[in-house]
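J.: For reference, the chains in residue letters:
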Amino acid sequence: MLQHFDPNKDYGTPARVSENLITLEIDGVAVTVPEGTSVLRAAALVDINIPKLCASDNLDAFGSCRLCAVQIEGRRGYPASCTTPVDAGMKVVTQNEKIAKLRRNIMELYISDHPLDCLTCPSNGDCELQDMAGAVGLREVRYGFDGHNHLDAEKDLSNPYFSFDPSKCIVCSRCVRACEEVQGTFALTVDGRGFDSKIAAGQDDSFLNSDCVSCGACVQACPTSTLMENNVIEMGQPEHSVVTTCAYCGVGCSFKADMKGDQVIRMVPYKGGEANQGHSCVKGRFAFGYATHKDRIKTPMIRDSINEAWREVSWEEAIGFAAKRLKEVQATYGRESIGGITSSRCTNEETYLVQKLIRAGFGNNNTDTCARVCHSPTGYGLKTTLGESAGTQTFDSIKYTDTMLVIGANPTDAHPVFGSMMRRRLREGAQLIVADPRKIDLLKTPHLKDAIHLPLRPGTNVALVNSLAHTIMSEGLEDKAFIASRCDDKAFIKWQAFITEERNSPEAMQSITGVDAEDVRKAARVYANAGNGAIFYGLGVTEHSQGSTMVMGIANLALATGNIGREGVGVNPLRGQNNVQGSCDMGSFPHELPGYQHVADDEARGRFEAAWGVKLDDEPGLRIPNMFDAALAGSFKALYVQGEDIAQSDPNTQHVEAALKALDCVIVQDIFLNETAKFAHVLLPGSTFLEKNGTFTNAERRINRVRKVMPALAGKEDWEVTVALSNALGYEMNYNHPSEIMDEIASLTPSFTGVNYERLEELGSIQWPCNEQHPEGMPIMHVEDFPIGKGNLAITEYVATDERATRRFPLLLTTGRILSQYNVGAQTRRTENQTWHNEDVLELHPHDAEERGVNEGDWLGISSRAGQTVLRAVISERMQPGVVYTTFHHPGSGANVITTDSSDWATNCPEYKVTAVQVEKVTQPSEWQKNFEDFNNKQQDYLRKGRRSRSEEVGQ
Amino acid sequence: MNHSQLDQLIIMANQIADNNHLDTEAESIEFIATHIKKFWARSMKEELITYAKEGGDKLNVLATQAIMVLSEQYTSRST
Ligand code: SF4
Ligand code: SF4
Ligand code: SF4
Ligand code: FES
Chain D
0 MLQHFDPNKD
10 YGTPARVSEN
20 LITLEIDGVA
30 VTVPEGTSVL
40 RAAALVDINI
50 PKLCASDNLD
60 AFGSCRLCAV
70 QIEGRRGYPA
80 SCTTPVDAGM
90 KVVTQNEKIA
100 KLRRNIMELY
110 ISDHPLDCLT
120 CPSNGDCELQ
130 DMAGAVGLRE
140 VRYGFDGHNH
150 LDAEKDLSNP
160 YFSFDPSKCI
170 VCSRCVRACE
180 EVQGTFALTV
190 DGRGFDSKIA
200 AGQDDSFLNS
210 DCVSCGACVQ
220 ACPTSTLMEN
230 NVIEMGQPEH
240 SVVTTCAYCG
250 VGCSFKADMK
260 GDQVIRMVPY
270 KGGEANQGHS
280 CVKGRFAFGY
290 ATHKDRIKTP
300 MIRDSINEAW
310 REVSWEEAIG
320 FAAKRLKEVQ
330 ATYGRESIGG
340 ITSSRCTNEE
350 TYLVQKLIRA
360 GFGNNNTDTC
370 ARVCHSPTGY
380 GLKTTLGESA
390 GTQTFDSIKY
400 TDTMLVIGAN
410 PTDAHPVFGS
420 MMRRRLREGA
430 QLIVADPRKI
440 DLLKTPHLKD
450 AIHLPLRPGT
460 NVALVNSLAH
470 TIMSEGLEDK
480 AFIASRCDDK
490 AFIKWQAFIT
500 EERNSPEAMQ
510 SITGVDAEDV
520 RKAARVYANA
530 GNGAIFYGLG
540 VTEHSQGSTM
550 VMGIANLALA
560 TGNIGREGVG
570 VNPLRGQNNV
580 QGSCDMGSFP
590 HELPGYQHVA
600 DDEARGRFEA
610 AWGVKLDDEP
620 GLRIPNMFDA
630 ALAGSFKALY
640 VQGEDIAQSD
650 PNTQHVEAAL
660 KALDCVIVQD
670 IFLNETAKFA
680 HVLLPGSTFL
690 EKNGTFTNAE
700 RRINRVRKVM
710 PALAGKEDWE
720 VTVALSNALG
730 YEMNYNHPSE
740 IMDEIASLTP
750 SFTGVNYERL
760 EELGSIQWPC
770 NEQHPEGMPI
780 MHVEDFPIGK
790 GNLAITEYVA
800 TDERATRRFP
810 LLLTTGRILS
820 QYNVGAQTRR
830 TENQTWHNED
840 VLELHPHDAE
850 ERGVNEGDWL
860 GISSRAGQTV
870 LRAVISERMQ
880 PGVVYTTFHH
890 PGSGANVITT
900 DSSDWATNCP
910 EYKVTAVQVE
920 KVTQPSEWQK
930 NFEDFNNKQQ
940 DYLRKGRRSR
950 SEEVGQ
Chain Z
0 MNHSQLDQLI
10 IMANQIADNN
20 HLDTEAESIE
30 FIATHIKKFW
40 ARSMKEELIT
50 YAKEGGDKLN
60 VLATQAIMVL
70 SEQYTSRST
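Just so you know, the protein sequences line up as chains D and Z, in that order.
Just so you know, we're using numbering that gives the first Met the number 0 here: the first sequence kicks off at 0 and counts up by one.
Just so you know, we're using numbering that gives the first Met the number 0 here: the second sequence kicks off at 0 and counts up by one.
Bear in mind the hints are in silico, worked out from the structure with no lab data behind them.
A hint or two may mislead.
Stated by the list, open to error - With a cut-off of at most 27 Å between alpha-carbon atoms, the simulated DSSO-like pairs for lysine-lysine come out as follows: (1) D:Lys479 <-> D:Lys493; (2) D:Lys789 <-> D:Lys297; (3) D:Lys660 <-> D:Lys944; (4) D:Lys493 <-> D:Lys448; (5) D:Lys8 <-> D:Lys398; (6) D:Lys944 <-> D:Lys479; (7) D:Lys443 <-> D:Lys493; (8) Z:Lys36 <-> D:Lys489; (9) D:Lys323 <-> D:Lys660; (10) D:Lys259 <-> D:Lys8; (11) D:Lys489 <-> Z:Lys37; (12) D:Lys789 <-> Z:Lys36; (13) D:Lys479 <-> D:Lys521; (14) D:Lys929 <-> D:Lys660; (15) D:Lys326 <-> D:Lys293; (16) D:Lys398 <-> D:Lys323; (17) Z:Lys37 <-> Z:Lys57; (18) D:Lys789 <-> Z:Lys37; (19) Z:Lys36 <-> D:Lys493; (20) Z:Lys37 <-> D:Lys614; (21) D:Lys614 <-> Z:Lys36; (22) D:Lys493 <-> Z:Lys37; (23) D:Lys789 <-> D:Lys489.
None of the values given here were measured: they were computed from a predicted structure.
Make a model of the complete structure from these sequences and hints.
T.: Right, dumping it as structure tokens:
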């Protein structure tokens with residue numbers, strides 16, 4: 000009996016999990032499947048493929064088309080095999096004369112209301128209706144097209160990525176069910192009944208005006224060409240596909256890149272991908288056009304000063320120029336005067352090489368990564384309490400969660416595919432607690448049962464988490480057995496004494512957090528009493544002056560309630576960028592070698608010294624904000640930045656700009672002339688995820704393969720550029736393929752010893768640690784013990800941030816992300832995702848708006864002690880009074896001109912989430928914005944001149 | 000609002016101290032010193048040690064003492 004799972008096949012109905020196995024006979028073949036499996040799926044598992052139209056294995060069976068009819072011994076009629084569960088001893092016949100006739104009749108009815116333009120239809124060759132007509136042997140259509148039909152129904156072309164052509168619709172409702180069950184948005188309905196029924200978005204809106212979030216699930220579900228990617232309509236069907244990993248958020252979805260030659264036709268979420276299991280969001284699914292955008296930098300460029308035009312040069316010349324400048328700086332200002340920044344968007348292998356270049360080639364530890372500005376407190380906090388700098392679960396584990404506590408995260412926008420998984424679990428009845436200043440969309444999940452929203456004031460996370468823990472301990476809700484066996488005694492006793500002090504009670508903290516004490520108590524009870532309570536958190540936890548303290552507070556909650564070490568529970572940091580986890584794992588931080596091994600650890604450092612053949616510094620290097628300060632102080636003079644845009648993403652933009660201007664040499668490696676590159680002397684073309692081989696590690700520690708589907712536009716993958724630079728500096732690197740880099744990583748990193756490309760090919764993906772003890776990786780962490788032995792409950796004293804509302808700055812600004820744009824927007828702004836969000840706006844509560852006489856759409860000046868910018872007003876009840884909100888996806892909006900250099904005490908992670916501001920109506924852009932505009936125009940002109948000079952040269 | 004490098008280091012050291020009032024003063028000092036030793040670059044430590052030795056009046060009490068602990072370690076290291 001062949002039962003190998005093939006992710007490219009549709010088994011008709013979802014897999015069922017059961018310990019009870021049922022054996023039946025289908026067309027004389029014995030099949031054994033878990034109880035609850037449909038006859039359709041059981042048959043598909045032994046390669047008996049019953050025709051079907053309305054069923055798909057990512058949707059619950061609906062039983063509307065009847066094409067999957069079978070005969071079952073002892074039962075009457077022709078039951079639909081998709082809605083019929085298997086029974087022990089059942090005997091099923093899937094093919095005979097009568098069944099064949101029935102299926103042909105059904106198909107005939109469908110086809111009689113369907114255009115017969117198969118040859119020119121975009122689905123030609125990839126249409127289930129066509130396949131089924133073939134499968135049932137349809138040869139004639141007796142009804143003709145003269146009667147009442149839908150052949151002239153109007154197309155909906157409002158969505159920039161896909162079209163809706165209702166004339167081809169067979170009303171199988173797969174799209175409606177995909178939107179509900181897979182995506183959880185409920186944007187589509189079947190309007191009308193019987194022959195008149197049709198698919199409608201919202202209240203008969205266009206797709207664009209409906210609630211649709213353009214995830215593409217309906218397009219993928221549609222068996223006809225009714226819902227179809229515009230790219231396929233324009234370019235035709237793909238001819239091969241390659242499985243790779245999304246380069247946007249930390250969910251790390253697997254996709255099939257459907258190709259025509261080296262052109263990507265579409266990205267289709269891959270069912271075999273364990274993180275996303277066949278689902279996607281608008282970014283990964285559709286927003287890949289930036290890869291071939293005209294703005295791509297395709298030739299290396301150099302210049303002596305940022306006040307002159309670029310010169311396009313050969314790779315050799317650019318690398319030689321960069322190396323010479325770096326050497327000169329070091330000769331003048333010393334070994335520690337240069338450094339580099341690795342990218343959380345590049346692969347593990349590339350990140351590893353950059354930090355290696357810095358430590359071994361530059362001879363110092365001045366390496367850091369943008370994780371500094373997002374999840375560095377996660378590293379610190381989880382390592383202190385649980386012993387490992389990583390989330391404890393798989394995404395899939397949410398299927399077993401009874402209560403989810405979501406703190407400072409907005410998953411439906413920032414981690415959409417996981418947001419959909421959360422919504423599914425919420426519809427199944429899990430309880431939701433949200434601690435967030437804003438009323439995030441998860442609270443508006445359709446069919447949500449119970450939800451508690453704790454709308455705390457920005458900057459008071461620790462006060463809130465302490466009062467939750469206080470309630471648990473003072474009401475005796477803790478898991479005593481877990482504490483006794485798994486937690487460090489001494490630490491626990493100290494913590495218990497601290498947390499039960501009256502000053503940590505919800506009542507005492509109420510005036511600080513602004514959250515009703517009774518709601519806090521209720522939330523604590525719901526979380527502690529849940530069979531499985533899981534905590535999910537995002538940058539709303541880390542990006543605070545007490546970010547690290549808060550992460551420890553979260554770990555405390557999980558430890559005290561025993562919610563660690565099994566399915567459905569845990570501490571789950573939702574990572575922002577695709578490879579934040581990986582860039583941290585790969586030793587990007589100045590104090591840690593790959594695998595979180597401290598540079599002062601002689602044994603670990605010794606291993607690296609032996610392998611790399613150089614002496615390494617045993618003192619940590621500068622972190623990103625320290626580099627800026629040192630640049631302004633004159634001791635830090637040159638910077639190599641791979642795939643990061645610090646001039647846009649880091650706080651206090653004017654400070655960053657001044658620091659960048661103070662440097663003698665800035666080398667930027669990026670796919671576009673980003674904001675940082677405007678301050679650069681060397682611009683090395685980067686490559687997108689489509690142009691390289693490597694691995695990304697997602698938020699669940701899952702190492703996924705990135706596969707090259709097209710040649711690198713500028714001729715080199717990013718790792719090759721680092722290799723060239725290193726060699727030019729005189730530190731030799733020699734690799735033929737990223738797999739060799741991974742082999743080196745594995746040889747030096749205890750948690751990676753079992754990872755290599757062959758193994759990844761075999762297993763699909765691996766969740767580290769993967770070594771001798773865990774040869775296939777480790778989905779759930781801390782099952783038996785912690786890397787530090789016992790769990791360490793940490794004291795988490797609440798200390799108010801200095802960023803407080805004052806008379807001069809009475810409002811608190813908090814920043815975040817939206818679904819369609821990604822981070823600094825360099826990629827998504829160069830796609831049709833602009834349709835949804837083409838400018839950053841300032842959201843404020845109606846009360847604050849009224850007080851200031853602000854109307855929707857007014858220009859608002861926002862000022863903080865760091866600077867001023869101007870944005871358009873959006874008035875929104877999502878905000879609480881006193882709190883305003885914006886995003887930083889567009890450089891000209893200058894959101895980070897406002898944010899300050901206030902940062903986490905332990906890691907210097909900036910406090911993006913709290914800035915005291917004032918808001919007033921204005922009539923013109925801010926001074927900074929005007930300067931930005933001028934500077935930008937000048938730099939774009941320098942780029943144009945550089946490009947022209949080259950084409951003239953080539954032309955001669 | 001742009002602080003000099005030294006100002007920033009003082010803010011950071013004070014902040015570490017403010018966030019780590021442990022049971023005894025000795026424990027707090029030890030914690031702060033270890034934290035700075037483990038996470039700060041050599042140049043940053045040196046700058047703050049020099050400042051503390053020169054009086055360091057903007058550093059809070061715990062931070063000053065922690066820096067003095069570091070100062071001993073770093074002086075003994077380099078000799
Ligand atoms: S694209 Fe996604 S959200 Fe939009 S209608 Fe289709 S399934 Fe629903
Ligand atoms: S649009 Fe496609 S999936 Fe939806 S009902 Fe019509 S044929 Fe079925
Ligand atoms: S952006 Fe995130 S959720 Fe969306 S497809 Fe990519 S990895 Fe998946
Ligand atoms: S596939 Fe079973 S009824 Fe449509």
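J.: So, for every hint listed, does it hold in this structure?
T.: Hints versus structure:
1. D:Lys479 <-> D:Lys493: At roughly 15 Å apart (the allowed maximum being 27 Å), lysine 493 of chain D and lysine 479 of chain D satisfy the hint.
2. D:Lys789 <-> D:Lys297: 52 Å, violated
3. D:Lys660 <-> D:Lys944: This hinted pair holds, its Cα atoms lying about 21 Å apart.
4. D:Lys493 <-> D:Lys448: Cα-Cα ~38 Å, so violated.
5. D:Lys8 <-> D:Lys398: 24 Å, holds
6. D:Lys944 <-> D:Lys479: Violated, because 70 Å separates the two Cα atoms, which is more than 27 Å.
7. D:Lys443 <-> D:Lys493: Given pair lysine 443 of chain D, lysine 493 of chain D is violated - Cα atoms ~40 Å apart, limit 27 Å.
8. Z:Lys36 <-> D:Lys489: OK: lysine 36 of chain Z and lysine 489 of chain D at ~25 Å, within 27 Å.
9. D:Lys323 <-> D:Lys660: Roughly 19 Å separates the two Cα atoms, so the pair holds.
10. D:Lys259 <-> D:Lys8: 21 Å, holds
11. D:Lys489 <-> Z:Lys37: 24 Å, holds
12. D:Lys789 <-> Z:Lys36: 25 Å, holds
13. D:Lys479 <-> D:Lys521: Status holds; Cα separation ~20 Å.
14. D:Lys929 <-> D:Lys660: 18 Å, holds
15. D:Lys326 <-> D:Lys293: 34 Å, violated
16. D:Lys398 <-> D:Lys323: 55 Å, violated
17. Z:Lys37 <-> Z:Lys57: Within the cut-off at roughly 23 Å; holds.
18. D:Lys789 <-> Z:Lys37: 22 Å, holds
19. Z:Lys36 <-> D:Lys493: 25 Å, holds
20. Z:Lys37 <-> D:Lys614: The hint holds at about 19 Å.
21. D:Lys614 <-> Z:Lys36: 20 Å, holds
22. D:Lys493 <-> Z:Lys37: Measuring from Cα to Cα gives roughly 24 Å; hence the hint holds.
23. D:Lys789 <-> D:Lys489: Within the cut-off at roughly 11 Å; holds.
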